[in-house]
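Chemist: Which chain is which? The protein sequence lines are A and B, in order.
Just so we're aligned: the first sequence equals residues -8 to 234 in our numbering.
Just so we're aligned: the second sequence equals residues -8 to 234 in our numbering.
Treat the hints loosely; a few may be bogus.
Not everything, but these chain B residues come out facing chain A in the computed CB check (under 8 Å) [unchecked claim]:
#1 L3
#2 S4
#3 N148
#4 S172
#5 K182
Derived DEER-like restraints, expressed as beta-carbon distance ranges [unchecked claim]:
#6 P217(B) - H169(A): 23 to 31 Å
#7 P217(A) - K90(B): 38 to 46 Å
#8 D112(B) - E85(A): 52 to 60 Å
#9 K230(B) - N221(A): 56 to 64 Å
#10 Q192(B) - E193(A): 49 to 57 Å
#11 P217(B) - Q192(A): 51 to 59 Å
#12 K182(B) - S164(A): 18 to 26 Å
#13 S123(B) - D186(A): 46 to 54 Å
#14 I233(A) - Q192(B): 55 to 63 Å
#15 K230(B) - G72(A): 32 to 40 Å
#16 K49(A) - H165(B): 30 to 38 Å
#17 N133(B) - N14(A): 34 to 42 Å
#18 K182(B) - T(-5)(A): 39 to 47 Å
#19 G204(A) - S131(B): 51 to 59 Å
Simulated from the structure, these hints should not be mistaken for laboratory data.
Ideal placement from N, C-alpha and C gives every residue a C-beta, glycine not left out.
2 protein chains.
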Amino acid sequence: MAETKPSLFTSLSPALLHLYDINHTAVVIIDVLRATSTIATALYNGARCVIPVDSVAKCIELGKKIEAVIAGERDGKIAEGLEYGNSPFEYPREFIEGKTLVLTTTNGTRLLHMALERGADYVVTGSFPNLSVVSDYLLSQNRNVVLGCAAWKDRTNIEDLLFAGAVINKVKSHFTIHCDSSQIAETMYLKAKKDLFEFMQEKNATHYHRLMGFGLEKDIRYCLTPDVANVLPFYEAGKLQIR
Amino acid sequence: MAETKPSLFTSLSPALLHLYDINHTAVVIIDVLRATSTIATALYNGARCVIPVDSVAKCIELGKKIEAVIAGERDGKIAEGLEYGNSPFEYPREFIEGKTLVLTTTNGTRLLHMALERGADYVVTGSFPNLSVVSDYLLSQNRNVVLGCAAWKDRTNIEDLLFAGAVINKVKSHFTIHCDSSQIAETMYLKAKKDLFEFMQEKNATHYHRLMGFGLEKDIRYCLTPDVANVLPFYEAGKLQIR
C-alpha cells in the first residue's frame, strides 16, 4: 500500500538536482531569502505575473520590450542596471497591482531555469508566506514531488531546508519518502518551528548573517512568516502566475 | 579574534566537494556505513595498511601483485571478483594483523580519490569508531578543515551527517564556522546522540533500511559506536596508515 503513494524527494542544492527524476513531477522551487517569498508577495499583491529570467541583461531587455518592472539582485543587493531589488517590501499592492515583474536572482531563478531545462513540467515556487497553499497543491496532485532548495551558490542553507521540512511535515502521510534529505529537513523544522527567526539567529545561519549586515531584519522576519501571501505561483509559458 | 581561527566546512555530498577549498586543508573522508568504520577497524586490528582504490579491476590487479587481501562492495554487497566485503567484522585481529588490505567501495573510496585529484594534502578517514582521535587530530593542527560526507551515490545521508555533527560538537570552539551544513550537522547530532541507532531507525534512514534488509543490524550498531577503534588512518603515498 505504502509503495503506491507518490514519492517525495528533497534536493539540498541546485548541484544535486540532477540526482532526481523531475519528469511528470511537481517541482517546488524554494528560495526563502528572498526570491520565492517576494514572488508570492508580488502576486498576492496583484502583480499580473512574474517573469523569472536568468541574467541581468535579459531582465533589462525584456523589461523595455514589455514595459515591466525590472528587478533582481546579485549577492543580496540590487543588481546594477535594475530598478528594484529582491525585498518583498518593495512590492506593496499600491505599486505592483496590475503590473508585470521581470525578476532575476542569484539562486532562486537560476534553479527554476535549471529545472525547466531538465524538462520539469509542473513548477511552482514555495516560501513560508505561501506554505499552506503549496502544501495543499502537492496534496491535490497524485504526482511525485521534488522540493528543490535554491541554496546559496550551491551551498545548502538552513532556511530553504526549514521550508522543505515544513512542507514535509504537512504532507508526509500522503507520500512515500525514502530520502534522508527529507528526513533531515523535517527534523530541522520540528526543532526550529517554535521560533524560526530565533533558530536562524542561534545557528548564525549564513544568510541570516548576510542580510542582517544589510539591515534587513524586517525582511528575514517576514520571509519566515507562514501564510501571509497565500497564493500559488505556477510556471507556464514563461511566466509565474497565480493558479 | 574569532576570524583568526581556522575555518571548518562540511560537504554534504561528493557532488558538492568542489565548492570548498581543500588545499592546505585537513579533509576528513566520512563513510560511516561502512567504509571508513571498516578502515579504522582493520588498522586498529593490526592491518599494515589499507590501500583504497577506485575500481574492482584495480583492486584485483593490485591484490595479486602485492599479495594483499582484496575487498570491496558495490551497492552494499561484496563486489564480484573480490574475496571480502565492507563489514568491520570481516577484519578481526586474528585475520588481518600484519596484512595489507586493498579496498574499493561505492562511495567512501570514490570520495577519497576525488579529494586527492583536487589536490588535498592532508587526508584522513573518520567514523564513529575513531571519533575522538579524528577530533583530536583536527584540534592539534592549526589548519582549515573540510568534513567530506561520502553520501550514497551523491545523495546526502543521515549517518555521515551525524558523524560530521559529532566532530563539530567536539571541536567547534577552535574553528570559525560560517557554514549552514555544519550547523545542520551539529543540530542533527545533538538530536540523535542519545541513541544513534534508534534515531536511524525512527527516521527510516535509507542506508539503515538497506543494511537491515541484508541482516546487518550488528554492523550498523558497531559503526555507530564511538571510539571502539581509535586510530587515525592518514593517507600518504597511496596508503592509509596509522599516524
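Chemist: Could you run down the list of hints and mark each one as holding or not?
Modeler: Taking the hints in turn, this is what the structure says about them:
| no. | hint | result |
| --- | --- | --- |
| 1 | L3 | 6 Å, holds |
| 2 | S4 | 6 Å, holds |
| 3 | N148 | 5 Å, holds |
| 4 | S172 | 5 Å, holds |
| 5 | K182 | 6 Å, holds |
| 6 | P217(B) - H169(A): 23 to 31 Å | 27 Å, holds |
| 7 | P217(A) - K90(B): 38 to 46 Å | 59 Å, violated |
| 8 | D112(B) - E85(A): 52 to 60 Å | 59 Å, holds |
| 9 | K230(B) - N221(A): 56 to 64 Å | 59 Å, holds |
| 10 | Q192(B) - E193(A): 49 to 57 Å | 28 Å, violated |
| 11 | P217(B) - Q192(A): 51 to 59 Å | 31 Å, violated |
| 12 | K182(B) - S164(A): 18 to 26 Å | 22 Å, holds |
| 13 | S123(B) - D186(A): 46 to 54 Å | 34 Å, violated |
| 14 | I233(A) - Q192(B): 55 to 63 Å | 42 Å, violated |
| 15 | K230(B) - G72(A): 32 to 40 Å | 55 Å, violated |
| 16 | K49(A) - H165(B): 30 to 38 Å | 46 Å, violated |
| 17 | N133(B) - N14(A): 34 to 42 Å | 49 Å, violated |
| 18 | K182(B) - T(-5)(A): 39 to 47 Å | 31 Å, violated |
| 19 | G204(A) - S131(B): 51 to 59 Å | 34 Å, violated |
Consistency with the previously given hints fails for numbers 7, 10, 11, 13, 14, 15, 16, 17, 18, 19, ordered from lowest to highest.
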